[in-house]
Structures are given as C-alpha cells and as structure tokens.
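Number of protein chains: 4
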Amino acid sequence: MTNRRQFLIACSSGIVFLAQSTSALPQGGPARGGASDPLIEDLVAGNRILAMEGVLDAMGHISVRSTARPDRFLLARSMAPELVTAADILEYDLDGNAVDARDRTSYLERFIHSEIYRARPDVRAVVHCHTASLIPFADSDVPMRAMYHMAAFVAEGVPVFDIRKAAGLTDLLVRDANLGKALAKTLGPKPAALMRGHGAVVVAASIPNVVGRSIYLDVNAKAQAQAIALGGKITYVEADEAKLRMSDAGEYARAWDLWKRKVAR
Amino acid sequence: MTNRRQFLIACSSGIVFLAQSTSALPQGGPARGGASDPLIEDLVAGNRILAMEGVLDAMGHISVRSTARPDRFLLARSMAPELVTAADILEYDLDGNAVDARDRTSYLERFIHSEIYRARPDVRAVVHCHTASLIPFADSDVPMRAMYHMAAFVAEGVPVFDIRKAAGLTDLLVRDANLGKALAKTLGPKPAALMRGHGAVVVAASIPNVVGRSIYLDVNAKAQAQAIALGGKITYVEADEAKLRMSDAGEYARAWDLWKRKVAR
Amino acid sequence: MTNRRQFLIACSSGIVFLAQSTSALPQGGPARGGASDPLIEDLVAGNRILAMEGVLDAMGHISVRSTARPDRFLLARSMAPELVTAADILEYDLDGNAVDARDRTSYLERFIHSEIYRARPDVRAVVHCHTASLIPFADSDVPMRAMYHMAAFVAEGVPVFDIRKAAGLTDLLVRDANLGKALAKTLGPKPAALMRGHGAVVVAASIPNVVGRSIYLDVNAKAQAQAIALGGKITYVEADEAKLRMSDAGEYARAWDLWKRKVAR
Amino acid sequence: MTNRRQFLIACSSGIVFLAQSTSALPQGGPARGGASDPLIEDLVAGNRILAMEGVLDAMGHISVRSTARPDRFLLARSMAPELVTAADILEYDLDGNAVDARDRTSYLERFIHSEIYRARPDVRAVVHCHTASLIPFADSDVPMRAMYHMAAFVAEGVPVFDIRKAAGLTDLLVRDANLGKALAKTLGPKPAALMRGHGAVVVAASIPNVVGRSIYLDVNAKAQAQAIALGGKITYVEADEAKLRMSDAGEYARAWDLWKRKVAR
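First to last, the sequence lines map onto chains A, B, C and D.
Per our numbering, the very first residue in the first sequence carries number 7; after that it's consecutive.
Per our numbering, the very first residue in the second sequence carries number 7; after that it's consecutive.
Per our numbering, the very first residue in the third sequence carries number 7; after that it's consecutive.
Per our numbering, the very first residue in the fourth sequence carries number 7; after that it's consecutive.
Hints were generated in silico from the structure; no laboratory data involved.
Computed from a predicted model, the values in this text were never measured in an experiment.
One thing to keep in mind: the hints can contain errors.
Identical chains blur together in the list; that is why a pair holds if it fits in one copy or across any two.
[Claimed, not checked] Taking lysine to any residue and the SDA-like style, the derived pairs with C-alpha atoms no more than 25 angstroms apart in a straight line are:
1. Lys196 / Ala107
2. Lys239 / Asp147
3. Lys239 / Lys266
4. Lys191 / Ala261
5. Lys239 / Pro149
6. Lys228 / Pro165
7. Lys249 / Glu88
8. Lys239 / Gly163
9. Lys171 / Gly194
10. Lys171 / Gly237
11. Lys196 / Val225
12. Lys268 / Glu59
13. Lys268 / Ala57
14. Lys266 / Glu59
15. Lys187 / Asp147
16. Lys249 / Leu179
17. Lys266 / Val225
18. Lys228 / Glu162
19. Lys268 / Ser212
20. Lys239 / Asp182
21. Lys196 / Ser253
22. Lys187 / Asp99
23. Lys187 / Arg126
24. Lys187 / Asp168
25. Lys228 / Ala270
26. Lys187 / Glu59
27. Lys171 / Ile240
28. Lys239 / Thr176
29. Lys196 / Thr91
For reference, chain A alone in the conformation it holds in the complex:
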C-alpha cells in the first residue's frame, strides 16, 4: 500500500515549505496527519526553544505522547535538538521501537521516554536534559526547593535517580528498558527527577508545560544556589501554595507564545 503524506519542513531560515513522501507505511503506522500537524509543529518548536534557552546543548531530547494513539510517542531521530525539523520526527511504541525508522537512527536513551509514558498515563510530554545548573544538585544531597511561583512545581519534590544504586556499574546512560523502568520508578508521581552524574528528566501534560518547567527548573536551580550562598534563612514556596499555583494549566502559555515567535525568526 502506498500512503502519500506531506511533511511540514521548518527550516532554520524560517522559510516553510512542503515535502512529499510516498513511502509504503506498515499497518498501524503513524497517526499524525498532513503537513500542518500542530503536535509535530510544537515538538519541533520545543526542540529549538530548549536549545535557544540553553536547557539543551547538542545532547538531550524532548518527546510528546501521540494524541491518536496514547501507546505511541513522537521523538526526533538521533541529532542535535537545535537542528530538528518535522521530517526528523519518528514515532515510537512503548518498547522504544521506532514504527517507521527507515534510515533514520534513534536516540540511545529513548527508553527514558518509553518507560515514563508507560508508567505515567497523566504524562503527555517528556524532556531529558543535561542542563549545567542542575548537575550540582544531581550530584549533591542538598534537595531542590521551589524558589518562586514560576517554578512552583519544584515544591512537589525532585527525587534523585542514582543509576549505580539501581543497576550497579554502568556507563551512566539509560540504554535499555530496565534502566528506563528504574528511572520511572524513582520519578514516581513527581514532575521532575535529577539523574546523578548525568542530568534530569522533566514531565508535564503538554509540550508548552514541559518546556516551561525545563526552563524554569534551570532558573530555579541557579536562584536556589545563590540563596544558599547568601548564608541566611530561606523561606521556600510551600507545597500548598504551589498546588494552588499549579492548578493553572496554562501557566506557561504567554511564555510559550513568545518562545515560538523567537525560534520562528
């Protein structure tokens, strides 16, 4: 069966055009539709925003759960987030298998995403990052605390995943489903977890929110480190205040609009 589909190509020059693919697709192939799939557009924007804001460098990734098939998720092929276009987005099942990879290679650590989507039906978007400001907390026994309303979700608690305690000696990478399951277990019901000697994982119910959380987790880490260095008594945002604040599902909407405009330039 030949399935004609169109892809939206967002070039770094800001020019947008259509490319056609006539590849034969397996049954049960990607549920995403034509050229203007807003989920793919947002996923491409999310990649570029996180690179622009310094949350991701050449490494790290962002994924989103498929709307049509909740047992699938979308993630770029193995490449630098800053360069991702719609044509680079692959669909994966919850075992971390690409549905239609063709000649495109997969991120080694895609199991971070697959196992979190499996364990957390409420999660619709996942970021894995190595943001420099988070590494001190990932390696330290000083817990992250919420500094202000823009990072209220931190008040839920940010557990630390130590791969050595979960799986003994490794090269620190989440290379398979078992390591992904161990990370998802440490994450539990929380919005984010740090990974010792590695980085962090951030989850949310939408792309704008997982991008917003990732960006403000970085700001919060720097602010908390600075507050500790001042040497005084610190009053953090408390859990009940944070819960009220987080009831606003569109808390990063205004920021998301600005970020999207900036990466579209």
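Fit chains B, C and D to the supplied structure of chain A, relying on the hints for placement.
For chains B, C and D alone, kept in the frame of chain A given last:
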C-alpha cells in the same frame, strides 16, 4: 460618537507607521493624544528595554501614570513585554479597570500598579518583575544593601512582602485590590520591595528612572551576593551618600538614551 | 582664522566617511591632525571594545594622553562609550578644561583623568569603569590578587579609594580636581585602583594595554571570587613572576587586533 | 624546485575559495595535500568552535598530529583562533620548528604541543587554553572531579603543573622545550592538566574529542564550583563508570556536527 484616532505602531523591525482607529470611545476616554505621544513611546521602549536587559522575560510589566489624568495609568494588554507596541497600551483607573479594553485582555496582576499609584502620589512609573537575581533575596532574611552609586536608591531599604503573612494561603499572585493594597503597604515610601516566592516591584518618578532602577537593582543583587561570598567585611553605600546621589533626577538619562537607541534598531 | 579640518567618522554600520569642519579654532588648539589620526581611531575603538566586552555599560570612559602635547588628553564628550565616534572626541588640559568644546558637554568626572595624567607622567591611557565584577572587591576588605598571567599586573597591588575617608560626605562622584587628586594619591604608582561604592580606575602606557588590563581585571575578579568560594588554599601569581611577565609591552597586542576587527564589523 | 599547491580558504563569511601558492618547498615538506584536506578543515573549525564557545579568547591554540608524518603536527601561525583560516596553518616538527614558515610567525608556546606529541604517542590533538572557569582550580589545592558523563574523562584525574616548582622563577610562559617537557611530565598519561597561574592543556585522540573535552571541562569546572558552594555531600562520577563511558570514541560526534555547522554559518 465616533472618535477618529491615530496610533503610533513601533514594529520590531524598527519601522514606524500610522494606523487609524475609528472605534466609538466612551466619555472620559484615554487622555493620550495622537500618533506621537512621547509617554506611550517611552512605555513601549521601557517594555522592550527591560526584556533586552533580561530584567523581564515573558512575564512582568511596566506602567506609567497618565500625565493628563493622574488617577489613570497606562499598561500593556496581557502579553510578553518584548512584543509590546503602542497599539497594545491600555489605560486603567485606580480600581484596575481598563477604560477602553475592547477585545484586549488585562494582566491578572494589574492591581500591583493601581494600588501603588493610589497610595503613592509621588510615583509616576512602576515595574513588576521576576528577575532571577532578586529571588534569592526575596526568599532570604539577608537584606539588600546598596553596593554602588548606580544603585544608590537601594540604600533607602528594600522591604520584603510575604503574601502569606498578609493574606494567608494564596497562589502567590496579586489577584485583587486587597492584595495590591497589602503590597503597597509593605512598600511604604521606599523605591522598591521584594516579593517572597515571586519577584519585586520597583517605583520611580519617571519611566527612565524606573527602568534604570530595575536594571541596576539586578546588577546590585549579583554584586552583593558576590561580595558576601568573598567572606570579608563589606562597606555598603551609606544612606546619606545615597540621598545626595539620588538628588540627581536625571541619573539614568545617558543610559536611557543608549537603551532606547538599542531597542529601536 | 579659519582652520579647515577633517574628521574620521566611524559609524556603527561600519561605514567610514569624512566630514568637514570649518570652525575657527583658538591658538594652541588640538594637536591632532587630519582624518586618519591613529590615536583618535584607537580611542574610538577602545570605547567600543570596552562596551562590547561589558567592561563599560552606558557609563564610564577611556582617555589617552596627547602625543603632541603631553599636558593634554583626549576624551569623548559626555555620552555612552558604545556610540562614540571621532567627532565626539574632545581635548582637555590638565585642569579638566575642554580646549574646544563648542556645544559638546563634558563628563562630570573628567578630573579622574586630568589628575592622574598630572601625577603620573608614565601613564598614557586611563579607563574609569563600574564593571559589576569589581564592585564586590571595591566594597570588601578582601584584596584583589593576580590569578593568572593575563592579569599579571594585579600582582602590583590594587589599592581601594574610599572617597569618604578622603573627603567626607559626598555623592560618591569625583566632581572636582581635589577629589581627582585624592584618587590619584591612592592610586600611587599602581596600575589600577578600586573605588568604594563606585568602580575602578585602570592606567597603562597605551590604549591597547589599558583596554587589555580593564578586560582582564574583570576576568581576574570573577576567577578570584570563584577560587575563594572553592574553599581551598590558593597560590596567586607572585610579584616577581608578574614583573617578568609585564616586561612584555605588547602583551595584549594579539587581543587588541581581534577586538578592533570585531568592533569594526 | 617549484611546487604548485592549493590551499582551502575558509572565510569568516562562510564563502570558500581556492588560493594558489607557488612557493618553493624544501624536501620533506608538509604532507598535507590539496584544497580539501579534512584534517586542516577540522583544525580550522576547531579554532573557531573553541572561540565561539568561549574556551579560547584571543589567546590559546589547538593543534593536530599529522596523519602522514606522526613526527609532525599542524598549528596556526601566531594569531587569534577566531580568525584562523586554512592558509594560516603551519606544520611543525617535534622540536617546535616550523617546516615552512615563510613570513608567518609562530606561537611562543608551541613547545606545549611539540613535547606532548613527543611524550604521548596516543595523543593526536592538543588544546592549550586560559578558560576563566579553570583558573580557580589551577590556583587552588581543590582537585577537579568529574560531575557528569559529558566530562567523564575528568575522573582520570587532572594534575596541576606549577611552573615555579618545575623551573623556578619564570614569566609563567612555556617558552622552550625544557618547560614543555616539564609540563608533559606533569600531564603524564592523563587527558588534561591545569597550569598554575596560567590555564590548562587538554589532549585526545582526535580533533572532535579534544574540542569536546575542552568545552565540557569548562562546564564541569563551573558545575563543580557550584556543587561545592551548595555545602552538601557530593557524589562524583567514579573512575570505573568513567572508563566505561569513555570507551565510546565518538562521544562528542553529535556535538561536533552541530558546532561545525554553527561556525560555518
């Protein structure tokens, strides 16, 4: 009654053109005049300068008291400061009601502005920000001190507003006039106040000065944190020195000229 | 007498053209010559380089001693360094009087320059700055120390000028010759002095060297603060090592070439 | 004998063209071939990437061992790394003599490279830098430790070279082969060494890896300093984890591709 008016549109490309509005205006509508109202021009510039300098990100706002009607103030519609143009400026009364909103939405926290203008006849411009360098001091019991003449106003003292002490459990936002009044009460006669778990408010007698104070409050916070980390004895700018320095009403004039040229590019 | 002169205008767009001035000049007027005076070119470049590198913001200044008349020095009119062109350069005598100001206003603190040139025949270039990284050391009793060879001159010692100890209550500004003399006295034979609650002054035998010293004084301050925060024992560059290193008069030549190319873009 | 050769010129505008040289070359001249020598292309890219990422400023250098003649290495003439093109690359023997310098001057400290290539047959690329974040560790007795997998090589240990202990009073520069040998001895079999009062040297088996290590050594230094400032217990990447991670020879391949695209813009 049909009231033909013209607005100055300052585009991000730096091109300026005129747009016409023929909307029916209520009696007692905006006192601002034609296309070249310098107050609106400066308010637009202030929005963009604070974004350029990293004092504001997608959130936060700057307002100015109306020259013609001191019981009114001007503030952008709910949007990212970096994108504000003259067409986005609304006029508000001191209850926080937009005079001519049409389909334009208002910032949730406009009561920060309205209640400070009500309580402080000397104040003609207000900035509300979440600058990252201020959050450590907002959450700490270490008071801000003036590090140098560019931030001499800090020597007046920067009180901290804890919304929980003023109003019990909230989502941390200044959502109504009562919360605005509580904040204005903490601010008292000072040039700035920190807001625990949230950010800061800065006031002055003009747009250039409130912008200058906001930018140098950020520099001062970083310098003070660094001075504390050095571990020695610190000699801050003293109140009498600061008072002399602040007698120069145009202390940020040269900087303002530069900043305006930069955002006009 | 009408004196036709040409000025080199270095525009921010990088375009260079000639402007003619036919103003009547007093006897003994500026010794600088035609359109391509390399000293003025370097002074303009120095202004822009220090702005580009973040050593100067809208405030602060750089001057150079006149080659033809060592009792004169060149300094921009009162304006932001980033915007200075050759047409903005004024000549001053050692009392801080502009030789040919016409309608151009002078920096209030030009006495920093005049009194240092008077006291220090070896000095041919002076920078006055408020670089944020220097303020913590200017207010602290922790002395600056040389961290590496690029800032070897710091090993000579960086005294702190406290205007209050020299002149009692002021607005912190060096507003007259007496305050300038007091600052020059604290500077003594050193390459730099900090100013409590204010900033710093840096001197050298050439524009490239005073620019290089100003830039690496900033880097050195950040590195020293970070070294102190590590909490271990620090081995600074020693005075005898520094003296050997400083014997190279062209130590910033390669950097100067790069900086000039960058601001010419 | 006249030897016609072509050089690849990589302009800062991204335009690439060919230049011809008809200089007479000595027997045993440079082994590098025509216009598209990928090693020279990568060396030029490495210079520009390290400048773009702030690892090098106007000073410092990167070299690569010749593929054809392992007793030779390639290094730019004495200039700012940001401006290096293929025509600026010289070939050196292991005594630090340029094979065909013509009128091009050499870096004073080329002996850092020559003596490391002599002592370490496994090393194929060397960076010498003065990155600001490394200076605090170079001057301190607090050892660098590996914070995360992107800088796993730090777990091998980063010795500190104190030129005073090796050679008594100097101007801190590695001016001759003896000083180069002393540095190489301190480096031993390690991937990097700090230089007290000076900077660092980083080595690897390829240009992408030495560039990657230099960039992430900088990130690691900042993260470690921040972790120490948090005041808690820190769990660093352990040597056995690092060894597993470092077994991936292409660990910086994805980053290298991104960096090369960025400097080619």
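Against the structure, the hints come out as follows:
no.	hint	verdict
1	Lys196 / Ala107	neither (31 angstroms within a copy, 40 angstroms between copies)
2	Lys239 / Asp147	both (18 angstroms within a copy, 6 angstroms between copies)
3	Lys239 / Lys266	neither (38 angstroms within a copy, 40 angstroms between copies)
4	Lys191 / Ala261	neither (31 angstroms within a copy, 30 angstroms between copies)
5	Lys239 / Pro149	both (16 angstroms within a copy, 11 angstroms between copies)
6	Lys228 / Pro165	both (18 angstroms within a copy, 23 angstroms between copies)
7	Lys249 / Glu88	neither (33 angstroms within a copy, 29 angstroms between copies)
8	Lys239 / Gly163	both (20 angstroms within a copy, 19 angstroms between copies)
9	Lys171 / Gly194	within (16 angstroms within a copy, 33 angstroms between copies)
10	Lys171 / Gly237	between (32 angstroms within a copy, 23 angstroms between copies)
11	Lys196 / Val225	within (19 angstroms within a copy, 28 angstroms between copies)
12	Lys268 / Glu59	both (11 angstroms within a copy, 16 angstroms between copies)
13	Lys268 / Ala57	both (12 angstroms within a copy, 13 angstroms between copies)
14	Lys266 / Glu59	both (12 angstroms within a copy, 20 angstroms between copies)
15	Lys187 / Asp147	within (23 angstroms within a copy, 41 angstroms between copies)
16	Lys249 / Leu179	between (33 angstroms within a copy, 13 angstroms between copies)
17	Lys266 / Val225	within (19 angstroms within a copy, 27 angstroms between copies)
18	Lys228 / Glu162	within (18 angstroms within a copy, 27 angstroms between copies)
19	Lys268 / Ser212	within (20 angstroms within a copy, 30 angstroms between copies)
20	Lys239 / Asp182	neither (43 angstroms within a copy, 29 angstroms between copies)
21	Lys196 / Ser253	within (15 angstroms within a copy, 34 angstroms between copies)
22	Lys187 / Asp99	within (15 angstroms within a copy, 54 angstroms between copies)
23	Lys187 / Arg126	within (11 angstroms within a copy, 43 angstroms between copies)
24	Lys187 / Asp168	within (13 angstroms within a copy, 41 angstroms between copies)
25	Lys228 / Ala270	neither (28 angstroms within a copy, 31 angstroms between copies)
26	Lys187 / Glu59	neither (29 angstroms within a copy, 36 angstroms between copies)
27	Lys171 / Ile240	between (31 angstroms within a copy, 15 angstroms between copies)
28	Lys239 / Thr176	between (39 angstroms within a copy, 22 angstroms between copies)
29	Lys196 / Thr91	neither (30 angstroms within a copy, 40 angstroms between copies)
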